[in-house]
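Read off the chains here:
2 protein chains.
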Amino acid sequence: MAQSWLDELKWNAEGLLPVVAQDASSGRILMQAWANREALATTQKEGRAVYWSRSRHKLWRKGEESGHIQKLNAIYLDCDADSLVYKIEQIGGIACHTGRQSCFYRKLVDNAWQEIEPVLKEPNDIYKK
Amino acid sequence: MAQSWLDELKWNAEGLLPVVAQDASSGRILMQAWANREALATTQKEGRAVYWSRSRHKLWRKGEESGHIQKLNAIYLDCDADSLVYKIEQIGGIACHTGRQSCFYRKLVDNAWQEIEPVLKEPNDIYKK
Chain A
31 MAQSWLDELK WNAEGLLPVV AQDASSGRIL MQAWANREAL ATTQKEGRAV
81 YWSRSRHKLW RKGEESGHIQ KLNAIYLDCD ADSLVYKIEQ IGGIACHTGR
131 QSCFYRKLVD NAWQEIEPVL KEPNDIYKK
Chain B
31 MAQSWLDELK WNAEGLLPVV AQDASSGRIL MQAWANREAL ATTQKEGRAV
81 YWSRSRHKLW RKGEESGHIQ KLNAIYLDCD ADSLVYKIEQ IGGIACHTGR
131 QSCFYRKLVD NAWQEIEPVL KEPNDIYKK
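The listed protein sequences derive, respectively, from chains A and B.
If you want my numbering, it's the position in the first sequence, counting the first as 1, plus 30.
If you want my numbering, it's the position in the second sequence, counting the first as 1, plus 30.
If we strip away everything but chain A, and leave its shape as in the complex, we get (with noise of 0.2 Å):
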């Protein structure tokens, strides 16, 4: 992968940066998740959010086996070339593991995290063998 753009990322010392994946319509955000320099090209070449899984230890196509893929729209790039922004189209439009439209499903409200959205899917209905 000699691609150029791929360079001028400061990758972290494990070679991770974080990512943001934003909804292209409606702004919201989705999720934060990490990408190595495989999962970024990989993302650019497949039109489709490719994530680093810190916990697997492995290329992770978000989606794969939820479905609920992550359509890609365009990648932003920060400041300091550390930080990076998928905007993305959400199939199914449930980005989080819990079944929710977003991750960011806890506001902090009188010093405690309260849940503020409802789980549109339950994990077993999404994650099936």
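Read the hints as simulated data drawn from the structure, not as lab findings.
A hint or two may mislead.
For identical chains, the list gives no copy identity; a pair is met inside one copy or between any two copies.
[Said to hold, decoys possible] Lysine to any residue pairs mimicking SDA-like chemistry, simulated, CA-CA at most 20 Å apart:
no. : residue 1 : residue 2
1   : Lys88     : Leu46
2   : Lys40     : Arg84
3   : Lys137    : Gly57
4   : Lys137    : Ser55
5   : Lys151    : Gly123
6   : Lys101    : Arg78
7   : Lys137    : Cys109
8   : Lys137    : Asp53
9   : Lys40     : Leu138
10  : Lys137    : Glu38
11  : Lys101    : Glu76
12  : Lys40     : Trp64
13  : Lys137    : Trp41
14  : Lys137    : Ser56
15  : Lys137    : Gln33
16  : Lys137    : Arg58
17  : Lys151    : Thr128
18  : Lys40     : Ser83
19  : Lys101    : Val139
20  : Lys151    : Asp53
Quick caveat, the model's predicted, so the values are computed rather than measured.
Go by the hints and put chain B onto chain A.
Okay, now just chain B, sitting in the frame of chain A:
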């Protein structure tokens, strides 16, 4: 700081979490930075975005030099309790130290990072001595 809502977070090995600052009215993603426990507690207490500066190794009250304070609207937490969103009002309309509205002013176009937004104020005019 014996606050249980802070104890629920999964701080990384350096005691930090990634934070995304999002404009509360437009939904625009303005920047991504980091918070430690003290930065987050201070954000909640003071009602303005506070980060941990990894380069300066100290608490960073956003806008302390530039005047570009971020008034806090709400704090959101993700499903894994390891990523935060600050919804904020960006005073001065400029979040980036380059003088742009957002730090994410580069977009990947034809395998190159293209600057897609203007400098609203020259950094020399922002960071006057």
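To see whether the hints hold, each was checked on the structure:
1. Lys88 <-> Leu46: Classified as within: same-chain Cα gap 12 Å, cross-chain 23 Å, threshold 20 Å.
2. Lys40 <-> Arg84: Result: close both inside a copy and across copies, 18 Å intra and 14 Å inter.
3. Lys137 <-> Gly57: For Lys137 and Gly57, the Cα distance is within 20 Å both inside one copy (18 Å) and across copies (16 Å).
4. Lys137 <-> Ser55: Between. Shortest inter-copy distance 17 Å satisfies the 20 Å Cα cut-off; intra-copy 22 Å does not.
5. Lys151 <-> Gly123: Within one copy only: 10 Å inside a chain, 38 Å across chains, cut-off 20 Å.
6. Lys101 <-> Arg78: within (4 Å within a copy, 34 Å between copies)
7. Lys137 <-> Cys109: between (28 Å within a copy, 11 Å between copies)
8. Lys137 <-> Asp53: both (19 Å within a copy, 16 Å between copies)
9. Lys40 <-> Leu138: Classified as between; 16 Å across copies, 32 Å inside a copy.
10. Lys137 <-> Glu38: For Lys137 and Glu38, the Cα distance is within 20 Å only across copies (13 Å; inside one copy 35 Å).
11. Lys101 <-> Glu76: within (9 Å within a copy, 39 Å between copies)
12. Lys40 <-> Trp64: Intra 13 Å, inter 16 Å, cutoff 20 Å: intra and inter.
13. Lys137 <-> Trp41: Intra 30 Å, inter 18 Å, cutoff 20 Å: inter-copy only.
14. Lys137 <-> Ser56: Result: close both inside a copy and across copies, 19 Å intra and 19 Å inter.
15. Lys137 <-> Gln33: between (40 Å within a copy, 16 Å between copies)
16. Lys137 <-> Arg58: both (14 Å within a copy, 19 Å between copies)
17. Lys151 <-> Thr128: For Lys151 and Thr128, only the intra-copy Cα distance (8 Å) is at most 20 Å; the inter-copy one is 43 Å.
18. Lys40 <-> Ser83: both (19 Å within a copy, 17 Å between copies)
19. Lys101 <-> Val139: between (33 Å within a copy, 16 Å between copies)
20. Lys151 <-> Asp53: Only inside one copy: Lys151 and Asp53 sit 19 Å apart there, 29 Å across copies, limit 20 Å.
In summary, the structure agrees with every hint in the numbered list given earlier.
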